[in-house]
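As you go down the protein sequences, you meet chains A and B in turn. Numbering-wise (our numbering), the first sequence opens with residue 1 and increments by one. Numbering-wise (our numbering), the second sequence opens with residue 1 and increments by one.
Check before you lean on any hint, since a few could be wrong.
[As the list claims (entries may be wrong)] Listed next, the stretches of chain B that the computed footprint assigns to chain A, with coverage defined by at least 3 CB atoms under 8 Å from CB atoms of chain A: (1) 158 to 167; (2) 256 to 270; (3) 274 to 286.
Derived by calculation from the structure, the hints in this document are not laboratory data. It should be emphasised that the depicted structure is a prediction, and the values quoted were computed from it without experimental measurement. All C-beta atoms in this analysis are idealised placements derived from N, C-alpha and C, irrespective of residue type, glycine included.
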Amino acid sequence: MRLALVIALLLIAVGSLWLFIVHPWWFPAAASRNAGALDHEFRIAFWVFGGLFVAAQIALAAFLLSSRQRKKSDYILGNWKLEIAWTLAIAALFFWFNVSGEKVWSRVMDHHRANDALQVEVTGAQFQWYFRYPGHDGVFGRLDAQKFARPDEGNPLGLDPADLAGRDDVLSSSLVLPAGRDVELTLRAQDVIHSVFIPAMRFKQDAVPGMTIRAHLQPTQAGNYEIACAELCGLGHYRMRAQVRVVSPEEFASWLATQELRAQEKTD
Amino acid sequence: MLKRFPSAATTPSKLLLRRYIFTSDHKMIGIQYFFLSLAAVLVGTWLSLLMRIHLVWPHGRIPLVGEIKPENYLGLLTMHGTLMVFFVLSTVPQNGFGTYFLPLQLGASEMAFPRLNMAGFWTALASFFVLLAAFFVPGGASIAGWTQYAPLSAIRAAGPGQGIGTDLWLVSIGLFCLSSVMSAINFVTTTVKQRTPGMRWMRMPLPCWSWFVTAILSLLAFSVLLAALILLLLDRNAGTNFFVPAGLIVSGQAVNHSGGSPLLWQHLFWFFGHPEVYIAILPAMGITSHLLSVFSRKPVFGYRAMVGATIAIGALGFMVWGHHMFVSGMNPYEGFAFSTLTTAIAVPSAIKVFNWLGTIYGGKLQFSTPMLFSIGFVSLFIAGGLTGPFLAQPSLDMYLHDTYFVVAHFHLIMAMAGIFAVFSATYFWFPKMFGRMMSERLGAIHFWFTLAGAYAIFMPMHLLGVAGHPRRYSELTGVQYVAAMAPLQKFITFAAVITICGQLVFLFNLFWSMFRGRRAEANPWVCTTLEWTLPSPTPAAGFAGRVPVVNRGPYEYSVPGSTADFVAQDAPATQEG
Ligand code: HEM
Ligand SMILES: [Cu+2]
Ligand SMILES: [Cu+2]
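Looking at chain A on its own, in the form it has when it is part of the complex (with noise of 0.2 Å):
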């Protein structure tokens, strides 16, 4: 039994290195400017705490190992120094860890963005994303989604026919943005919460109905990228999904463009 106990905490020690070397499934490429860092931020915490993960199993091993021979258990009531010894350097480790990581959050909760940030409003409902710009005027119109919310008759949202600042809000149900920009995302939501994840852009925020939160993302790569709810939201959780779409500067200025004027034909 010894033996066998000894063979599955190496196979567990080494299979699951292995596992997490092989990865067949893992991160998607990183496509925002803070992915760098929070991969980094990610990589050392495998290879710290992935090593003391097969260090533990194998010393657990190894003592399992070393009794074989033995006639009778030593009588070892503790050892201070040594107690204390480990507590200290644990505790150095973890802390050592959590002052890097709380470095890379305040990067990540930079506040002090320019403010030419891209504004983009985010709102979930149950089971869609709806996404929406300025318009010209950079200013959102307002919303009063109890007394205006049409979703079949293309106002969704709740937007106030009678605020002009509302004429040229571009409405879309896919996010797009312009690569390279710092995009300022005011999220809400309608109903219950939901959780705007974008794996590629490592980037995750809770979209919660009474509340507005603002969040800060800068894409980097153009292409195609999903979004995934992330929070249970009832039964089309699963398929709350959204398309992100990162275009060149000049080509999202267009698109904008064309959105704006459709939206101003419409609502003249």
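Dock chain B with the ligands against chain A, hints included.
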């Protein structure tokens, strides 16, 4: 010094019904909790099997059940999580084994409040039936998960199961809170007042320390949850506005609420919810520490550090709840604080691991079934524990939160480690509870199935999470990159089916041994603690008026100069060299 409560066992009634069913005997109540958890784990496991099968064969027909629809998946999910967290892991390690063995290990023949004990069990049983009733009402069980985030949980129109199914969930867990608080008062009082002469605090076996600290956590945490549940019930049924903000539209209907805060629910829930995971795992840690010492025939390494770590985990456990809310929309500055406090709580947990390894080191180990499961516990606790620091970092958690990475983490550290400790305690204390031994051969087979299964199911789930697979998805087809992970999901389902079938070996062993197992002597594992000074099974009268006197700590194994390899806690003091 405080005066001890007198500790006479209630004289056993001649009426069988009084003796086995409507009983205030802590031993019978412990066994009743044990069977309640057994029923819950059977249902909960069955539900997980259905979920796993539905995930990879969404249109498959299951014998007796038929096809599972996406809406059923979320109901199964909620019930699985609730059964497992509340009725298995918060019930059997604490109220099952604790109710039975806390008094005996302390040298008492009853809990401090026998009738409160009984009331606690019957409330838990009622709670269990109220929960299961949700399967049979219109709309079925709640789909909001065991966390019941508002406003999904607060608004009836938000989904099937959000009507009466959710009301039943709330009432059920409310009853469970009451039951836990009753039981916790009993545990605390018993530990403080019922210790036999000589049983000083620092001579208490480590399971008693864990049960004591866990009871204090239960007392505080379940009270807060109960308050939160009442507020949510009021929001749903009395038009109050605690958790629902203004201006919502659900299913095309305007919601007539205003002024509430969805984050308030999360704060209240996790103020309970994080201590809850320690309520689940502290008794398991205590049991494992105890068994590693018994079967290494060695004292626990660093007993004082173990006690200190238990208390530290209990205290810090109330300060870290925000690590479940890094991306909830709470102020990012709170992320700093909760991240640091969470890192702090990792330290006492690591101390425990070091001391478990230290306990094994230098021992002449005996590989009985309880020992196998205890070694498995240590291995799994390490595996699940080391992903904790990832999740404690707000920036990494931003990516990993609500993905399968979290599912893997909490199943390894809480579900699997917790279940391993429950198995080890069952094999270990079975002789004292039922007077017979469980089969060691079947025990070993069961162990290998379960160890292999735990790793095969939950290790690959990390990869799903790293690849961005959100949790609580009832189908894989809705998002393209998720659909691409179907092969790995299939593998996990195969592993789960095999592992769950392997549990039949345990069930057979349990019931077969109960009636056919070899008769157990008083102290089959040659242990030092007081419950083993009684015959097996424990006589109804407990110590029957005898007051054991404790002369030493609980882990005197392989004491130099002593002829036997252990010295019982109540052996006369002169025997010490
Ligand atoms: C054979 C063993 C088990 C299997 C195969 C299993 C499987 C699963 C699955 C598939 C999920 C849903 C994941 C998702 O879609 O998000 C889940 C959730 C969960 N499980 Fe298990 N599980 C097992 C044992 C346990 C045990 C022993 C516990 C005890 C703590 C437990 C606690 C939970 C909890 C708390 C959840 C979350 C429920 C929720 O999201 O509301 N599981 N499990
Ligand atoms: Cu969702
Ligand atoms: Cu927590």
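How the hints compare with the structure:
1. 158 to 167: holds (count 3)
2. 256 to 270: holds (count 4)
3. 274 to 286: violated (count 0)
Violated hints amount to a single one, hint 3; each of the other numbered hints is respected by the structure.
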